[in-house]
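Q: Listed in order, the protein sequences are those of chains A and B. With the first letter of the first sequence counted as 1, position 169 gets the number 169 in this note's numbering; the numbers rise by one all the way through. With the first letter of the second sequence counted as 1, position 225 gets the number 225 in this note's numbering; the numbers rise by one all the way through.
Hints in this document: simulated from the structure, not taken from any laboratory. Certain hints may be false.
Stated by the list, open to error - Here are the computed distance ranges between Cβ atoms for each label pair: (1) A/159 - B/20: 30 to 40 Å; (2) B/38 - A/154: 27 to 37 Å; (3) B/38 - A/218: 51 to 61 Å; (4) A/177 - B/45: 49 to 59 Å; (5) B/145 - A/61: 43 to 53 Å; (6) A/84 - B/251: 29 to 39 Å; (7) A/291 - B/187: 48 to 58 Å; (8) A/128 - B/64: 48 to 58 Å; (9) A/60 - B/41: 44 to 54 Å; (10) A/62 - B/45: 53 to 63 Å; (11) B/204 - A/112: 30 to 40 Å; (12) A/154 - B/145: 51 to 61 Å; (13) A/63 - B/281: 21 to 31 Å; (14) A/159 - B/28: 53 to 63 Å.
Glycine included, each C-beta is placed from N, C-alpha and C at the ideal position.
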Amino acid sequence: MFAYIIRRLIATVPVMGVVALFVFSLLYIAPGDPAAVIAGDLATAEDIARIHAKLGLDESFLLRFGHWLWGVLHGDLGVSIFTNLPVAQLIGQRLEPTVALTLTTLAVTVAFAVPLGVIAAWKAGSWIDRLVMLVAVLGFSLPSFVLAYLLVLGFSVELPLLPVQGYVSIREGFAPFIAHLILPSIALGLIYGALIARITRASMLEVLSQDYIRTAEAKGLAQGEVLIRHALKNAAVPIATVIGIGVALLISGVIVTETVFAIPGIGRLTVDAILRRDYPIIQGVILLFSAAYVLVNLAVDISYTLLDPRVRY
Amino acid sequence: MAAVELAAPLPRRHWLTEAVRRHPTVILGLLILLAIGAVAVLAPWLGTSDPLAVSPIRRLRFPAAAYWFGTDAYGRDVYSRTLYGARVSLQVGLGVAALSTAFGLAIGLLTGFNRLADGVLMRVKDGLMSVPPVLLAIALMALTKASLGNVIIAITLSEVPRVARLVRGVVLGLREQPFVEAATAAGTGFLRTLRRHILPNTLAPVLVQATYICASAMITEAVLSFIGAGTPPQIPSWGNIMADGRSYFQLRPYLIIFPGVFLSLTVLAVNLVGDGLRDALDPRLARRL
């Protein structure tokens with residue numbers, strides 16, 4: 001198993017290589033000359049040429065890619081065009097709210113969606129099943145920012161129960177921290193939960209029709225035990241897969257959710273960077289999110305060996 | 001002799017009633033789509049005014065008889081803008097679905113049959129698929145000028161890898177099937193095999209996938225426009241209307257609610273039709289991302 005983890009880790013290197021190449025090309029093709037921006041309005045052509053040479057902007061594509069990649073591997077993501085601060089530092093300052101929001105949403109959504117999917121499959125055709133599936137269909141159709149606004153209108157404006165927007169660090173108290181995360185988490189998590197519940201239900205339905213489930217019931221095992229130990233365990237691999245793949249929805253959603261709720265995280269940073277065409281920041285964010293996504297799915301791949309002893313490598 | 005009382009013959013239902021009874025959700029979806037399509041086509045004749053006309057004296061009016069959906073911060077009529085917005089969403093949804101299906105099919109077929117192309121293109125696909133789709137579209141939009149065409153291209157590029165992967169998987173499975181082997185053994189040419197045996201079998205899953213892509217493309221367009229990286233701000237798209245309403249939504253929630261409801265209903269309708277297609281074409285076909 002250890003060898004398998006190493007092999008899978010190595011297999012992510014070419015994937016991240018393609019991502020890095022793509023992200024670098026983004027800055028390479030991007031309109032505008034960074035040297036002219038740095039030199040300022042009063043610069044002469046010679047000044048710009050000098051900065052060009054200093055930054056290595058005249059070198060070939062591959063050489064520049066090499067230099068850039070070397071920097072990235074040492075934690076240097078370049079400098080923001082607009083604020084002139086290192087991108088790594090800007091991202092670092094904004095990391096906490098985004099991580100808090102995504103992890104809370106991930107944990108809460110999985111904790112709700114998997115049991116709901118299991119119950120829907122167990123009571124297939126009942127009103128619970130129909131309700132769960134109805135919510136799932138709605139979840140796929142309500143864009144997260146529309147849902148976010150509806151939630152704010154309902155629970156912050158009409159019924160002033162929860163804060164309209166903003167973020168409070170957990171260091172300033174647990175209650176306000178959670179209060180500020182409730183609405184964003186629901187808005188962000190609904191589509192993710194819909195996906196997980198749907199796959200859980202489908203996967204469970206397939207397992208529940210197997211002969212060994214009938215055997216388990218025939219020998220008098222309690223319903224709960226049949227459902228959890230015999231069915232869910234065998235349905236776990238597709239569920240784990242979709243929990244991993246669905247993180248893409250969380251990452252896409254966090255950009256919009258942070259905008260609606262004015263959460264000072266990486267999503268907000270991205271939107272500001274887009275409006276200012278601050279390419280180094282956009283690059284850094286894409287690189288970071290993609291790396292996180294690849295790592296999550298790597299973890300899911302590795303979890304297969306724990307979930308299903310038949311999976312051997 | 002007592003008359004033999006015959007049971008009344010079962011009333012023959014009209015095929016439409018039958019369809020409604022069996023697939024109520026699909027019919028509902030189709031009806032909503034028809035309505036939205038009609039709104040998009042007939043927008044100029046549905047009591048709308050110029051969706052771009054700015055009028056500072058009537059800014060931020062609440063919905064009333066004169067302005068059914070109210071007016072926005074520039075005094076533009078939200079009703080007109082919302083109806084015209086249907087055109088943008090439908091263009092993006094259908095355009096992206098058609099383009100990404102065409103390219104995805106071509107690449108999927110190529111990689112399913114050619115080892116060299118498979119090796120190269122699948123590495124590219126792995127890389128592109130590890131960038132979440134909305135981020136990929138944002139990156140592409142950041143590079144180009146904002147235009148409806150560029151929005152369609154950017155979303156298409158982020159969806160193509162998924163279609164290609166689906167088609168490749170189906171092709172790899174089909175190649176091992178006895179009927180394909182039989183066709184080859186009978187001397188059928190490669191192109192004919194492709195056309196007669198492979199392509200028809202990929203259509204069902206691709207068609208289902210295309211409806212889901214259509215739905216997600218409409219959401220992605222709205223997201224891109226909402227954060228300012230999508231359709232040019234002067235074009236009334238649902239995302240743009242909501243972006244304009246962002247700063248006022250506590251006082252003027254209708255600026256978000258009307259376009260939001262239209263967008264959600266349209267996406268819901270496409271999803272309902274997609275679910276119906278999936279159940280009709282292949283009950284085992286799982287929903288893919």
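Q: Would you say the C-beta atoms of residue 159 of chain A and residue 28 of chain B sit inside 53 to 63 Å of each other?
A: 31 Å, violated
Q: Residue 62 of chain A and residue 45 of chain B, beta-carbon distance inside 53 to 63 Å?
A: Since the Cβ atoms of residue 62 of chain A and residue 45 of chain B sit about 58 Å apart, the hinted range of 53 to 63 Å holds.
Q: How does the Cβ-Cβ distance of residue 60 of chain A and residue 41 of chain B compare with 44 to 54 Å: does it lie in that range?
A: The hinted range 44 to 54 Å holds for residue 60 of chain A and residue 41 of chain B, with Cβ atoms some 52 Å apart.
Q: For the pair residue 145 of chain B and residue 61 of chain A, does the Cβ-Cβ distance stay inside 43 to 53 Å?
A: For residue 61 of chain A against residue 145 of chain B, whose Cβ atoms are near 23 Å apart, the range 43 to 53 Å is violated.
Q: Just tell me: holds or violated, for the beta carbon distance of residue 38 of chain B and residue 154 of chain A against 27 to 37 Å?
A: Once the Cβ atoms are compared, 31 Å apart, the range 27 to 37 Å for residue 154 of chain A and residue 38 of chain B holds.
Q: Is the distance from the Cβ of residue 84 of chain A to the Cβ of residue 251 of chain B consistent with 29 to 39 Å?
A: Holds: the Cβ-Cβ distance is about 37 Å, inside 29 to 39 Å.
Q: Is it true that the C-beta distance of residue 291 of chain A to residue 187 of chain B lies inside 48 to 58 Å, as the hint says?
A: For residue 187 of chain B against residue 291 of chain A, whose Cβ atoms are near 51 Å apart, the range 48 to 58 Å holds.
Q: So does residue 154 of chain A sit 51 to 61 Å from residue 145 of chain B, Cβ to Cβ?
A: 38 Å, violated
Q: Would you say the C-beta atoms of residue 63 of chain A and residue 281 of chain B sit inside 21 to 31 Å of each other?
A: 51 Å, violated
Q: Measuring from beta carbon to beta carbon, are residue 38 of chain B and residue 218 of chain A in 51 to 61 Å?
A: This hint holds: roughly 57 Å between Cβ atoms.
Q: Lying within 30 to 40 Å: is that true of the beta-carbon distance residue 204 of chain B to residue 112 of chain A?
A: At 33 Å between Cβs, range holds.
Q: The hint says 30 to 40 Å between residue 159 of chain A and residue 20 of chain B; measuring C-beta to C-beta, is that right?
A: 39 Å, holds
In this structure, the hints that do not hold are numbers 5, 8, 12, 13 and 14, in rising order.
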